[in-house]
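Student: What follows is the residue order along each chain.
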Amino acid sequence: MAESMQRIASAFESARDLTLEAAAVASSRLGESSYFHYSKSIDSESLPGLLNSRYTREVRDGMKRVMSLMGSGDSSIELETHFADIVKNIGSDDVKVRRMVSVYLLRYAETNPNLALLSINSIQRSLSDSNPDVRALALKTLSDINIASLYPIILHSLKKTVIDSSEVVRCQVAMTLLKLFKEQGISIKDDVMPMLKSLLADSEPSVVSAALLLFQKAFAQELQLLHGHYRRYCSILNQLTENAQAIMIDIFIAYAKEYLPRPMVRDTSSDAEAIQLPDSFNQIPFPVYDVEYDHDLNLFLSSLKKLLHSPNAMVIVAVSKAFYQLSSPKTFKDSGIVDSLLRLTVSSYICSEIKELVLQSILVYCCSDPSLFRSHYKRFFLMPSDTENISIFKLKILSILVSDSNCKHIVNELKFVAGTEQSASILVEVSNTLSVCAQISSKWSSQIISWLLDRISSNTPIDKEVTASQINVLRSLIQKDPIKHIATVVKLSKMLSNHDLLPSAKAPIIWLLGEYVQVEPRICPDVLRRLLPQFSKEHAHVRLQILNLAAKLLSHDVDSYSGDMEYDIGTSRIGQMFEAALQLAKFDDEYDVRDRARMLASIFEQKRYEIATLLLQAPKPYPMASLNYCRDSFNLSALNLYPDMENYYELLPWNADPQASDRTPCEVKDYSKLKNSFSSSSYFGRNEVEFTNKPKRSASVSSVPSNTFTSSHGKKYQLQSLDEFFSDVSARQSVPKAKRVIIEESTSEETDHTDDESGSSSGDESTESSYVSSSEEETTE
Amino acid sequence: MYTSIYITDSKKNLVFEYLLTSQAPTFQQLCSKIAGRDAAMDAMVAISKDMSLYRQAVGPEKLWYWALCQACGDPLEPQMFLAQYHQVLIEYFDKEALTVKKLVNNADRLALLLHAMLDAGEVAVTDSNRLRQLVPLRNDLSTILNSATKTLANTVKYADSKQLFGAPVATGKVEAGQTVPWRTADCRYVNNEIYVDLVETVNATLRQKGSSLTLINGSLSGKIDVKCYLSGNPTVQLKLRTSGHPLDNSALHRCVELGEAGVATMNFVPPDGRFTLAEYAIDLSAISQAARRLTNLGLVTVSLASGLGQHRDEFEIKVIIGNSTQVAAIEDLRITVYFPDISDAAKIKILRTTHGGWESDLSRVRGVWAFDKQTAVGSVPVLRGCVENPESTPHAPPVFPSHLAVSYSHVGQLPSGIRVDTIALSDLPPGSKPFKGVKYTSRAGDYIVRA
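Chains as they are written, first to last, in full-length UniProt numbering: chain A, 1 to 781; chain B, 1 to 451.
Rather than coming from a laboratory, the hints here were simulated on the basis of the structure. It should be emphasised that the depicted structure is a prediction, and the values quoted were computed from it without experimental measurement. Cβ atoms here follow ideal geometry from the backbone N, Cα and C, with glycine treated the same way. Please note that the accuracy of each hint is not assured.
Said to hold, decoys possible - Here are a few chain B residues that face chain A, going by a calculated C-beta distance under 8 angstroms: (1) L14; (2) Y18; (3) T26; (4) F27; (5) A83; (6) T126; (7) H253; (8) T276; (9) P340; (10) H395; (11) V399; (12) I448.
Unchecked claim - Coverage of chain B stretches by chain A, computed from C-beta distances (three or more under 8 angstroms per stretch; other residues unrestricted): (13) 51-61; (14) 300-314; (15) 374-382.
Please take these sequences and the hints and turn them into a complete structure.
Tutor: Shown next, in the form of structure tokens:
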């Protein structure tokens, strides 16, 4: 098939005597590639001809060429020079051409504002087109022309279109207002505000979605605007667009913290007074508790559960954030959001960049309460297809989830990873996680120490960075119980000369040996003797530690000296070694080393040995492994998240004294009676049945008078703005109105059918009955 | 707030760019800015104080999507938008995967789609049916030629060109007949067809303990894709036989209304064209009986035995392919064998294979046992080999593989045993005889067997 097509294509291409138009028609019909070749042949000379042609097809070919030039970053044709030719097509009959001109204007209008203004007239004319998509496009194009003198005109058109009968246009109004706001800022607040209020009260979920976006970007502080809509929005949450769902959750978190009473926590094991939900997620002092939510907050939290099946990762994470900010770990666990988050992390069809962000969120929750994900720890074992970043975050999560019961599995898994993984940064993270496992019990600690020693000394050609990290883990483990691990220290000291170690590994070993002076003084002098000749070749950190080791050794030697004579630095071997180190350090490049040398020199020269003992032999506290984050003080910066992730999880404070606010639903603006068609009610009618049923199931929600904000059927006729709108329309334009009436009548039958349908579609036979009614329709037509 | 969107191949050659303002940098300018940084390999690079460049690699053909945008409240938004854009392109062009050529040929459509999706620098529309309405897709001759074989007789009968093209006809009135926001109004097809594709990917880590395998960690990641070419506004009822899996945490397309039976019965008014109906994950380690855990791994199980033979230095890999009437053959079976570090002089020697051939690798830590395109079900391929020590150290301890990675795919049944019970269509125009197709595809993703 493909071959025959190629033959046809080549036949057409060889037909040189065909006119340009005929060739274009023929080859463009044949397939994209041949059309692309034809399109490529359009150059700077022939482009104006096409753009100015009387034939729509030629104009379209010309515009397609312009689009592909813009898209490919190709600068062989200067598109600015054809500005007028292109923009004059804004009045084309073909909507696609108009769209393409609009794309062009978006990018180039600012380069040529005077010419761009010429197009305004035809754009404004299409604002009253009968097709709502065209009206919306006109509004969009108008506002995309980024010229300050246009703003009053746009604002004027918006005031007219904000009550347009089509939700597509009203959505566009919200987006256009956002554009204006981004340009003009707070100065046009008085103009925008009434329109925003009307958009927020819209009955169409798609308009509410756009209005919420405008609200979040422009007036996020004006939460009081939402009082009357709060309950209705909770019920239509799952009908909004996915992006709007995430935005609404974000807005409502802020709203709940500002205006809703704080939840109370009651200890179920005793009769103590209920306390307020603590600011931080993990600070509830009772082992078993119940949380009592305000019923409006409960309404929001239960409406979130409808979103647990969302395929959108952003929505799932937003839902989890809402539970994290507004509720307790218990509610978080009961809500089922844990499963939804886990589903995202194991899915094979979600790209790794998104998985990584989901894992970062899980890491934040784990830090607050490890018990949330503890039973699912196996889900965080590394998989071969995981990227480096995913692996690192999984390891961090594992290091938090590790406990007595799962330690065995996790350690085994980590050992396997250490043996097969190639990436250095993952291996470093593995050693960090192991050090956390080692803190679980002394049994694990000794097992991990011997395993680490094995790994380091078996001559595997692994990265030096990894060796350094393993040595550091080893050092911190040994320090916990020095006497038990003398043999390990001896092995480590041998590594100083046998292995080619990084400075970041060498310096800690030398430091560790210095700490061992009191425990086992016999090892150190020999190590120091071997280090001194290499002094000048070492890294600054290592040099500093060598000097410290010499000083510690000397200080210990002085303390343990029991002779009658005063200790003489000049004659003792250790004293001489110290002098040598001092001599080397005094001429060091590094300021730090010289400074330390001077300080130590003056202490020992003036024979202030007590000070030296205090300074150099003080017992050091045992370091907590670096990964054991934030048990008490919650600090996200230790987790190494992306910066915007950190901002995202900043905890909002609860308002200590929320103002009394009235959340009785306010009037909804329903434009559906103005529409050409009524059939969408069959869908929303069906959903309304569902909504009024749903609250009955959960006792907490049923207390809300649900029908006042869900069913708006009865109210449609009472709306005042309806009459106003019609009088407005008839004054403005009479022809489209007549058109409307005709279509309205012709479709009214349909409405009756669909209304019946929504009434009967509660039982199982709904599909059957609707099938019957649709066939009736067929016959009546 | 988005400033520009770019698509490149994995070598950063520009395929398509879309700039939302006149000040937005072209990809060339941007490239020179991030050229010096290693961090360009990261998914997010900060360009200036409040501008970041987000990157997402998609699909086997490794298209890279880039978005330059101002930091917004939600850290997932830019990545999510890039994923949505990719999904929209897939659904819009109705393809399994996108090629660079397809994108270059359709630069105008890519721009128009983005023009509709982004407004005021924010995400406005992401629904693919709505986008197809705004940017109508004109089916070219090749589409007709492709479908001609099947429907030649039908196509000739209907002389009307609109029906000839077999594509939904966009009417001027947008809302006329639109029942649900996600479905294009007034779809008309000559052949009413609905295809349901169930895909499952096995991700599992197993350990060989003696002669038996134990599951360390595993999950099945499943997806239900639907291709729907139905006239009017039909309602579809899809009943699944879930074989005891709860599927509670599934992700569902917004069109799905759950019945009393949960995910097992889904009622929906489908969007037109291609879409993902549901995604689910089955945690294998949560299944309580050990035997059931292993049966849910699918048709192919691999075991690894070592320390065999006269010198106790041989290993044997045995692939047990279960028998099934629904599956014709296993496709693209490959087993990658990983060895611990072996010295340079040692040699991997294959003693015997019943199927396929051995491909060694320069890295010395792995080799691949590659099978033919198709392997019959019910067969038990075996490979036996050893790592020969160099002559200088003949008595070194024998080396055995540390783990195996298995990859394969087959059609016909799913590892979890989930099947479609019925697809019931209602509200179709009278007289239409819809065609319903169901396809099951299984794949091995991260399937590891450790020694």
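Student: Taking the hints in turn, state whether each one holds.
Tutor: A quick look at each hint next to the structure:
no., hint, result
1, L14, "5 angstroms, holds"
2, Y18, "7 angstroms, holds"
3, T26, "5 angstroms, holds"
4, F27, "6 angstroms, holds"
5, A83, "6 angstroms, holds"
6, T126, "7 angstroms, holds"
7, H253, "7 angstroms, holds"
8, T276, "7 angstroms, holds"
9, P340, "7 angstroms, holds"
10, H395, "19 angstroms, violated"
11, V399, "13 angstroms, violated"
12, I448, "7 angstroms, holds"
13, 51-61, "holds (count 6)"
14, 300-314, "violated (count 0)"
15, 374-382, "violated (count 0)"
Checked against the numbered hints listed earlier, the structure breaks hints 10, 11, 14, 15; every other hint is satisfied.
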